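All chains, please: the whole structure from these sequences, using the hints.
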Amino acid sequence: MLLFLVIAPLAAGALGFAFPDNRRRPIFLLVAALPHAAGVAAAWARPVAPALGGTLALDPLGKIAITTASALFLVCAMYAQGYLHRREDRDNRVLVGGLGVLLAAMTAVGLSQHLGLLWVTIEITTLSTAPLIYFNHNPRSLEAAWKYLLVCSLGIALALLGTFFLALSGAAPGGPRSLLLADLVQGGHLLSRPWVRTAFVFLLVGYGTKMGLAPLHGWKPDAYGEAPGILGALLSGAVTNFAFLAIARVFQVCRAAGEAAFAREALVAMGLLSMALAAVFLVGQRDLKRMLAYSSVEHMGILALGLGLGGTAAAGAFFHSLNNGLSKGVLFLAAGNIHRSYGSKVIDDVRGAARRLPVSGSLFLAGFLALAGTPPFSPFWSQFTILDGAFRAGRWAVAALFLLLLATVFVGMGATVLRAVQGDPAGAPERPGMGDTWYTAGPPLLLMGALLLLGVWLPAGLGELLHSAARLVAGGQP
Amino acid sequence: MAFVLVVVIDLFLLASSRLNAAIRAVALQGALLSALPLLLVTHEHELRHVLLLSAGAMAIKAGVIPWLMFRAIREETIRREVEPIVGYVPSMTLGGLGVVLSFALSRGLPLPVQAQNVYLVPAALSTVWTGLLLVLSRRKAITQVLGFLVLENGVFVIGLLLTGIMPVTVEAGVLLDLFAAVFVMGIVIFQMNREFAAMDGGKPPVEGD
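Residue numbers (this note's numbering), protein chains in the order written: chain A, 1 to 478; chain B, 1001 to 1209.
No lab work stands behind these hints, which were simulated from the structure alone.
Being a predicted model, the structure only gives us computed values, none of them experimental.
Think of the CB as a built atom: it goes at the ideal place given N, C-alpha and C, for glycine as much as any other residue.
Worth double-checking, as some hints may not be accurate.
Said to hold, decoys possible - Derived DEER-like restraints, expressed as beta-carbon distance ranges:
{"no.": "1", "chain 1": "A", "residue 1": "Asp-89", "chain 2": "B", "residue 2": "Arg-1071", "range": "26 to 34 Å"}
{"no.": "2", "chain 1": "A", "residue 1": "Pro-432", "chain 2": "B", "residue 2": "Pro-1090", "range": "52 to 60 Å"}
{"no.": "3", "chain 1": "B", "residue 1": "Leu-1136", "chain 2": "A", "residue 2": "Gly-174", "range": "38 to 46 Å"}
{"no.": "4", "chain 1": "A", "residue 1": "Ala-45", "chain 2": "B", "residue 2": "Phe-1183", "range": "35 to 43 Å"}
Structure (structure tokens):
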């Protein structure tokens, strides 16, 4: 069952890659997405047995990340039917094949209970997406792909070093001598603490690069700015969540080894730094997609902050990873529609999007409001839970800074979004035949509906899952 | 002895201005490191596993990757110089500083396993540091790949300490990933050469969405 979740999208990607017809190839994205979504739904219905001798297992952390990714991928696959139909000038062989591999690799990251396998699969998510950033075959996207590949590879190399250090910390006679998560957590008191500490630093830097935490986010604005909207949605809404999951797994080991206080401080500091740096670049941002990239840096900071605060804030962080994924889907897909209609993504050219593209323009605004924490959408609840967690932990200064940065981002990003959405589109550059259709505007609308639904009604199963994930990783109150 | 040589190659790389020489030096470093597991092996029953690892690492680090790199620079468009952002003398100084710091740092981290060689951890850390320096201080894509390879060489040395702990599959995965990474990087470099040749022809770039 678990192996099926990995193999099905891989096979669909391979078939799509081999399929000769460029027009009908996008169907294979649905061939990858539908069985995967069905498999995830089945895993929700009843518990799944671990596979490969316990190397692959579905724990609450993995369940949240994989469900988010599966839903987002399904929506992106539907959107791609319309998008790739409009871009028949481009060979989509690599895109379809690469996305299939990406879904398989992401699932494997989520299921992986072995830190070595975790590393290998995260590296595969980088390698399978780098060529896709170059989808538009222009010098800027090439530069972006190079930056992404190089910076993430460097980060991932440092994460490998950290993984080795972690293995070394348990290598003493009597130690766990293993990289299986369960062994490391169980034998936590036997780990050599200086090595665990060093390992955490390297792993945080390594996976933090992949997650795009400041100051390691250098690749993000270029990659998200130049990639097709569908890839931006998957990178910022799904792939980064798996890097966050990797950090959460490592944090579990740190806590077992008695190094939680150190790891918590590091996470809180990096979280706040990411939010602050993103706020600086979001104020006065003129490029819509780069704006979304900095917004991603901000929200990754929120996730790190929540994990670092622990307790209820950690549950809030896991909820926020889901909400951020869905919101980023809305925003990137709507931004892609706007970009195509105007032939530009800078606000000097884009105005009156709500009038020219009634659905996509409004969705762009609604997605921004939801992500920024406006009730009744679900990101409001997750951000509120993190704030609540900060107060409960007695971290008044952190809570105040968190609120201040959220407000700054709201104002800064709001100015850019409103300028793009409001006004009269007459006189703005226009490319004919790029209006809203079912395929391009329907999928982000679905995601927006999910955000609203989760905001007014949290299913009991999901709430329980979030809390068990938080207990698993961060324990009770710090 | 081998570890001293590894560190000497690090410093040579920071000072060298010729691409050909740098590629050869990285290949030599890779070959040296691939042979190390054989020197460090302590139990007979590990021998087969270690032999496989060595052979695989040797083939990739000293064979396939240098061959790919030489192929990439055979293109006319790449000038055979390193073009540093940070000059050679400052690079050397920083590299030397890294070596000193690595020795100091590894003092503070007592190895939980029985150390096969006291120079192993400092040599690994200074190689990682050199790799980072090379990536950050060199302008050309191909030299950045070289830096990445040096960094991976350093990580590989630490990995040697773990032969008894990690299953072979993980090491094989790591090696394959390294190979795939360099391969994809090679494709991107190839595209860059083509893109910049096409730009001279005045083809307007596509507006991506």
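(message) Taking 52 to 60 Å as the stated bounds, is the beta-carbon spacing between Pro-432(A) and Pro-1090(B) within them?
(response) Cβ of Pro-432(A) to Cβ of Pro-1090(B): about 55 Å, so the range 52 to 60 Å holds.
Verdict for Asp-89(A), Arg-1071(B) (Cβ pair) under range 26 to 34 Å: Holds - the Cβ-Cβ distance for Asp-89(A) and Arg-1071(B), about 31 Å, lies within 26 to 34 Å.
Exercise. Does the Cβ pair Ala-45(A), Phe-1183(B) satisfy 35 to 43 Å?
Worked result: Holds, at about 41 Å.
> Is the distance from the Cβ of Leu-1136(B) to the Cβ of Gly-174(A) consistent with 38 to 46 Å?
Replying inline: holds (41 Å)
The structure shown violates none of the earlier numbered hints.
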